[in-house]
Amino acid sequence: MENNNLLELDNLYVSYGGIQAVKGISLTVPKGEIVTLIGANGAGKSTILRAISGLVKAESGKIFYKGEDITGKNTTSIVEKGITLVPEGRHVFPDLTVLENLKIGAYLRKDNLQEDINWIYKLFPRLQERSWQMAGTLSGGEQQMLAVGRALMSKPELIMMDEPSLGLAPIIVNDIMEIIKTINKEGVTILLVEQNANLALKIAHTGYVCETGNITLKGTGMELLSDESVKAAYLGKARRK
Amino acid sequence: MKKSKNLIYSAIFGVIILLLLFFLEANKFQYGMAYTILQKGMILAVVAVSMNLVTGFTGLFSLGQAGFMAIGAYVTGIFLIPSDSISEVYYISGVNPAIASFKNWLESGPAFLQPIIPYLALIIGGLLAALFAAVIGYPVLRLKSDYLAIATLGFSEIMRAIISSPQMDRVTNGSYGLKKIPGFTSIFEPFGIMVVCILLMVLLLRSTYGRAFRAIREDEIAAEAMGINLAKHKQMSFIIGSFFSAISGGMLAMFMRSIDSKSFSVSLTYDILLIVVIGGIGSVSGSVIAALLVTASKEWWLRFFDNPLFIGGVQIPLFRTGFRMVIFSVILLIVVLFYQRGIMGKNEFSWARLEKRLLKLFKRGGAKNA
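So the protein lines, in turn, are chains A and B. Sequence positions in the first sequence follow the working numbering and run -12 to 228. Sequence positions in the second sequence follow the working numbering and run 8 to 377.
Next comes chain A alone, as it looks inside the complex:
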């Protein structure tokens, strides 16, 4: 395959205890882009990310990473290959220090970490100030930064973020979006799942709209932002009569 796609999902089905959450999803994530997946609650967005990272098993369908079939592989080997998930709701380790949290992100690496820790501190100066503080004592925004920084410590080529704006003040959400853009400029491909469709589409190269386990729309960020049905459903503007 001579394409530029880092990740490809081919007709993916995932079920939880008999309920099909993802019903035949196909999407591609080109190398170096920000791809966003928007949709309402229960559309199956998080499930897609969990399936890619190997936390849940796909029922059928295939997941390709760099052209290699990674369907059904366990999370450890998927992280090793360069895909890292920032789980929904941050999930930092509250009773470990910020520095320890970052080191756990690099758990599977055996090489020297100091350079990357410095890189993270440059991206998030706040984390350096608080490197000896327990992660549980950080504010919500700082915890989200830590969760992103921790994921970056595994040196991923693809980083998947599940609702990074969840529960954060609007001004901090803007910071997070800026950070996502910065990380992307440093060469990391991003698959972003968001309910805050407006913000996500603004920074994304490509967007997918997900509804009850299916992809209903695909387009560039700008196309989707101006799409009438997307506006009506996710951006809070009334459909013209």
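Just so you know, not all the hints are guaranteed correct.
[Claimed, not checked] Stretch by stretch, here's where chain B covers chain A in the computed footprint (C-beta under 8 Å, at least three residues):
(1) 67 to 75
(2) 81 to 93
[To be verified] A few chain B residues facing chain A, derived, Cβ under 7 Å:
(3) Glu114
(4) Ala118
(5) Gln121
(6) Arg177
(7) Val178
(8) Gly217
(9) Arg218
(10) Ala219
(11) Glu227
(12) Ile228
(13) Glu231
(14) Gly234
(15) Ile235
(16) Ala238
[Unchecked claim] Over 10 Å on every C-beta distance to chain A, these chain B residues come out as not near it, computed from the model:
(17) Gly39
(18) Ile99
(19) Gly101
(20) Phe317
Since the hints were derived computationally from the structure, they do not count as laboratory data. From a predicted model like this one, the values you see are computed outputs, not experimental measurements. The C-beta atom is built at its ideal place from N, Cα and C for all residues, glycine as well.
The hints should help you fit chain B onto chain A, whose structure is shown.
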């Protein structure tokens, strides 16, 4: 600068402890109580730290310690009972011929090997317990919190039942127990073993594995998302914890000189859990301090409550045998109510912290005097 200061403090502390041990060793008959308590405290410190490794650091609420200790104790006991007195010990059904010939072979080995045999016995007991842990860990570690506690508790009781069953008479001497186990030659033996065991566990906890253990305790979902293999690490922590529990069990056998299956009942696990909770779940130094404190207060400092007390010719009621356990329980209640995080919480001992505490205390005292 700061580091060298800490080093000096630690060196002084180490020398003081060694001097104390030399003094006790030289006057062990005069200070028999302190001598015994210190030994038992050291032994319990090893198992408390191993339980902390599993429960406090990895977050696996396991109550199987007594079972693993029993394995270690019986292996050590069988290894060490001299073959001259073996028929005296197994006086009911006789000893298994394989064990008897193994012991003869062991004792006919080269002379330089003989002093190592106790250590060898401890390690083999530990390895056997680790093997058991690996086998039962595979199904049991899928369970979470309370369910895991019940399953491991069950294992511990099964172990005890197997040891005391008549079918095992010729190996473990069934319910009659083992006696005439040679003890430690000096207090330095248990001290050395304790230092090595705890040092090894601390090194493990400080490595990337230790960090992974704590990550699992904090948040399993995030730990898994970071690529930490949950099953593998839980298994590892459980096996290593069991290994050191069994070593402590072997030491206990050498300390008590005679063991039976009842010594390893659930209440032993509870005693250890108590030490872990009082010391602080997730603190190695807390466990060590609590092991010494709890043993000393249970067996020694609270003893006077057991003796009848007369004030002005009137006998104070309640002061009679067993009353110390009541007092002990009350102290425990107070600890659980007001010091839920134990003596150390999740922190480790550090000279800087102690210095700060003492300064604060001193300042407060000074203010009062002024």
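Here is how each hint holds up against the structure:
Given as covered by chain B, the segment 67 to 75 of chain A passes the check, having 5 residues with a CB less than 8 Å from a CB of that chain where 3 are the minimum. Counting residues of the segment 81 to 93 of chain A whose beta-carbon sits less than 8 Å from any beta-carbon of chain B gives 7, enough to reach three: the coverage restraint holds. Interface restraint check for Glu114/B: the shortest CB-CB distance to chain A comes to about 47 Å, outside 7 Å, so the restraint is violated. The criterion of a C-beta within 7 Å of any C-beta in chain A is not met by Ala118/B, whose closest approach is roughly 45 Å, and the hint is violated.
Hint status for Gln121/B relative to chain A: violated, with the closest Cβ pair at about 43 Å, above 7 Å. Hint status for Arg177/B: violated, given a least beta-carbon distance of 46 Å to chain A, over 7 Å. The restraint placing Val178/B at the interface with chain A is violated, with a minimum CB-CB distance near 41 Å, outside the 7 Å limit. Against a cut-off of 7 Å between C-beta atoms, the interface hint on Gly217/B is violated, since the closest Cβ of chain A lies about 10 Å away.
This hint holds: Arg218/B has a C-beta 6 Å from the nearest C-beta of chain A, less than the 7 Å allowed. Hint on Ala219/B holds. Least Cβ distance to chain A is approximately 6 Å, under the 7 Å limit. The criterion of a C-beta within 7 Å of any C-beta in chain A is not met by Glu227/B, whose closest approach is roughly 9 Å, and the hint is violated. Hint status for Ile228/B: holds, given a least beta-carbon distance of 6 Å to chain A, under 7 Å.
Taken as an interface hint, Glu231/B checks out: its beta carbon lies about 6 Å from the nearest beta carbon of chain A, inside 7 Å. Annotation: Gly234/B was flagged as interfacial toward chain A, and the flag holds, the nearest CB pair being 3 Å apart, inside 7 Å. The beta carbon of Ile235/B is positioned within 7 Å of a beta carbon in chain A (closest approach about 6 Å), and the interface hint is therefore held. At about 10 Å, the closest approach between the beta carbon of Ala238/B and any beta carbon in chain A exceeds 7 Å, and the interface hint on this residue is violated.
Residue-level check passed: Gly39/B sits 43 Å from the nearest beta carbon of chain A, beyond 10 Å. Its beta-carbon lying about 53 Å from the closest one in chain A, Ile99/B satisfies the requirement of being farther than 10 Å from that chain. With a minimum CB-CB distance of about 52 Å to chain A, Gly101/B clears the 10 Å threshold, and the non-interface call stands. Residue placement check: Phe317/B keeps its beta carbon more than 10 Å from all beta carbons of chain A (closest about 51 Å).
In this structure, the hints that do not hold are numbers 3, 4, 5, 6, 7, 8, 11 and 16, in rising order.
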